[in-house]
Amino acid sequence: MEALDLSMIGAGIIILGAGWGLGKIGSSAMEGIARQPEAAGKIQTAMIIIAALLEGVAFAALFAA
Amino acid sequence: MFTFAAKFGGLKLYLKMQKENILKIFLACLLMVVSFSTPAISQEHDQHPEPEQHATHQESAEHDEVGAIDTEEEVKEYIDHHLQDSHDFTFFSDAETGAHYGFPLPIILWDGGLKVFSSSKFHHGDEVVEADGQYYRLYHSKIYKTNAEGDIAYGEDGFPSNERPLDFSITKNVLTMLLVSVLMFILFRSLATSYKSRTIPKGFGRVLEPLVIYVRDDIAKPNIGKNYRKYVGFLLTVFFFIWILNLLGMTPLGVNVTGNIAVTFALALCTFFIVQFSGNKDYWKHIFWMPGVPVPMKIMLAPIELLGIFIKPFSLMIRLFANMTAGHIIIMTLLGLIVVFQNWIAGPAFFGFTIFISIIELLVAFLQAYIFTLLSALYIGMAVEEHDDHHPADNEDIPVL
Chain X
1 MEALDLSMIG AGIIILGAGW GLGKIGSSAM EGIARQPEAA GKIQTAMIII
51 AALLEGVAFA ALFAA
Chain L
1 MFTFAAKFGG LKLYLKMQKE NILKIFLACL LMVVSFSTPA ISQEHDQHPE
51 PEQHATHQES AEHDEVGAID TEEEVKEYID HHLQDSHDFT FFSDAETGAH
101 YGFPLPIILW DGGLKVFSSS KFHHGDEVVE ADGQYYRLYH SKIYKTNAEG
151 DIAYGEDGFP SNERPLDFSI TKNVLTMLLV SVLMFILFRS LATSYKSRTI
201 PKGFGRVLEP LVIYVRDDIA KPNIGKNYRK YVGFLLTVFF FIWILNLLGM
251 TPLGVNVTGN IAVTFALALC TFFIVQFSGN KDYWKHIFWM PGVPVPMKIM
301 LAPIELLGIF IKPFSLMIRL FANMTAGHII IMTLLGLIVV FQNWIAGPAF
351 FGFTIFISII ELLVAFLQAY IFTLLSALYI GMAVEEHDDH HPADNEDIPV
401 L
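For the protein sequence lines, the chains are X and L, in the order given.
Heads up, the first sequence is in this note's numbering, so the first residue is 1 and it goes up one at a time.
Heads up, the second sequence is in this note's numbering, so the first residue is 1 and it goes up one at a time.
No wet-lab data here; the hints were simulated from the structure.
Small disclaimer: the values here were computed from a predicted structure and weren't measured.
Possibly wrong hints are sitting among the right ones.
Claimed, not checked - Among chain L residues calculated to face chain X with C-beta under 7 Å, some are:
hint	residue
1	Ile311
2	Ser315
3	Arg319
4	Ala322
5	Ile371
Said to hold, decoys possible - From chain L, some residues computed to sit far from chain X (all C-beta separations above 10 Å):
hint	residue
6	Phe103
7	Gly113
8	Phe122
9	Glu127
10	Glu130
11	Thr146
12	Pro222
13	Tyr283
14	Trp289
15	Leu301
16	Phe350
Idealized CB from N, CA, C, for every residue including glycine.
If we strip away everything but chain X, and leave its shape as in the complex, we get:
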């Protein structure tokens, strides 16, 4: 019997983690903007940078799988 290929499941787990992380980033950014609306621009930029980095991890997982 050939070995079970678990790489897609691993990628799935990583993407779950990335999704959770993106949710965290989004919710924290929303809270931050609500607390300090005048800093919305800066928070947004930082949020997008972190989201992009996280996305990189998710795509790396997809390509490795």
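Could you slot chain L onto chain X? The hints should help.
Just chain L now, with coordinates in the frame of chain X:
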């Protein structure tokens, strides 16, 4: 039509237009579904009394007769073909007659001498071309050297093991990039010269001016710092180049340039070289011998930091490539599902899904251009940053927790 409207008029106009035309679009969609599903329904009706095996056999036979893309394999093949670069510019093909509507592109090979001929000689991969005593054949949009019969030998990995000539052809992607370059040159030149006679730009320049100022003031200035002016040219070029190419991928032209890893590799390579060559003393110091860190830690961190130099542009490359490829695959898969299911419910449903994903893709097209530019600016900013060597750990006034 909707992608063009959205491209030139922005999302708002599209949404406004959509509201007015939603009934029309719905009706058109319904009509399309009716015309697609009618043969399927009648065919299903015919098959009911027959046994299962016969039904599937007859179905495939009937589909072959019709010649449309009906089976999952064909849809898959079509998507794969779309994602690849191509040696001819085909707008659409008629599978029934085997006719391709489009135009051929020049093929330029270096194989012991320069060889130039038109891609129409390949007849879309059906024929072997002879040039200066050497035979070439198109196989999955790639050119291979073959013998006179056009035999392709397969290696153990399942890929052709034939030799390949050096290919400098003007392919579909190359042509699109050249056209975008010319378009950008004309647009931005007219914008630049319009400032000579007046303070506000004229025509399309009014659309471009706020975007240019946005890239300068919100991307370059806060992330690069004092000497930002030197890099605005590169950032603007990259931003508009990627954005226009992303939007072109949304049109029915069927080009997928930013979803090609070679293109994103070249773009990331530009960022890589600019960052390395504009890096000052502090930048290299912080990579190889960072201040304020114990010596054993410095030895451990240096290789990681060195790797980071390459990982940064690598992530730029993968991000843009993966995002655009994923977008194209999603849209084409949803459209393909209409052809796979062929019934009244799936037609409008996947049509609606496709519109929904298309709107998201319009956002992604901008976002990816923005992120590529922003991260490039950030990396350049890291390289040119002037450190005042003020580290909290060295400062006795601030308690170290």
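Satisfaction of the L/Ile311 interface hint, Cβ to chain X closer than 7 Å: violated (9 Å)
Please check whether the beta-carbon of L/Phe350 is more than 10 Å away from every beta-carbon in chain X. The claim holds: L/Phe350 sits with its nearest Cβ about 23 Å from chain X, beyond 10 Å.
Please check whether the beta-carbon of L/Leu301 is more than 10 Å away from every beta-carbon in chain X. holds (19 Å)
When you look at the beta carbon of L/Gly113, is every beta carbon of chain X farther off than 10 Å? Non-interface label on L/Gly113 holds, nearest chain X Cβ at 38 Å vs cutoff 10 Å.
Should the interface hint for L/Arg319 be scored as holding, given a Cβ-Cβ cut-off of 7 Å against chain X? holds (5 Å)
A closest beta-carbon separation below 7 Å is what the hint needs, so does L/Ala322 meet it against chain X? holds (4 Å)
Quick check for students: does the CB of L/Tyr283 sit more than 10 Å from each CB in chain X? Answer for L/Tyr283: holds, closest chain X Cβ roughly 19 Å.
Verify that the Cβ of L/Trp289 lies farther than 10 Å from every Cβ atom of chain X, and report whether the claim holds or is violated. Given that every Cβ of chain X is farther than 10 Å from that of L/Trp289, nearest at about 26 Å, it holds.
Non-interface label on L/Phe122, tested against every C-beta of chain X at 10 Å: holds (32 Å)
So L/Glu127 supposedly isn't at the interface. Is its beta-carbon more than 10 Å from every beta-carbon in chain X? The assertion about L/Glu127 holds, with a minimum of 36 Å to chain X.
Is it correct that the beta-carbon of L/Phe103 has no partner in chain X closer than or equal to 10 Å? The assertion about L/Phe103 holds, with a minimum of 34 Å to chain X.
Since L/Thr146 was said not to touch the interface, does its Cβ keep a gap of more than 10 Å from each Cβ of chain X? holds (32 Å)
In the structure shown, a violation is registered for the earlier hints numbered 1, 12, in ascending order.
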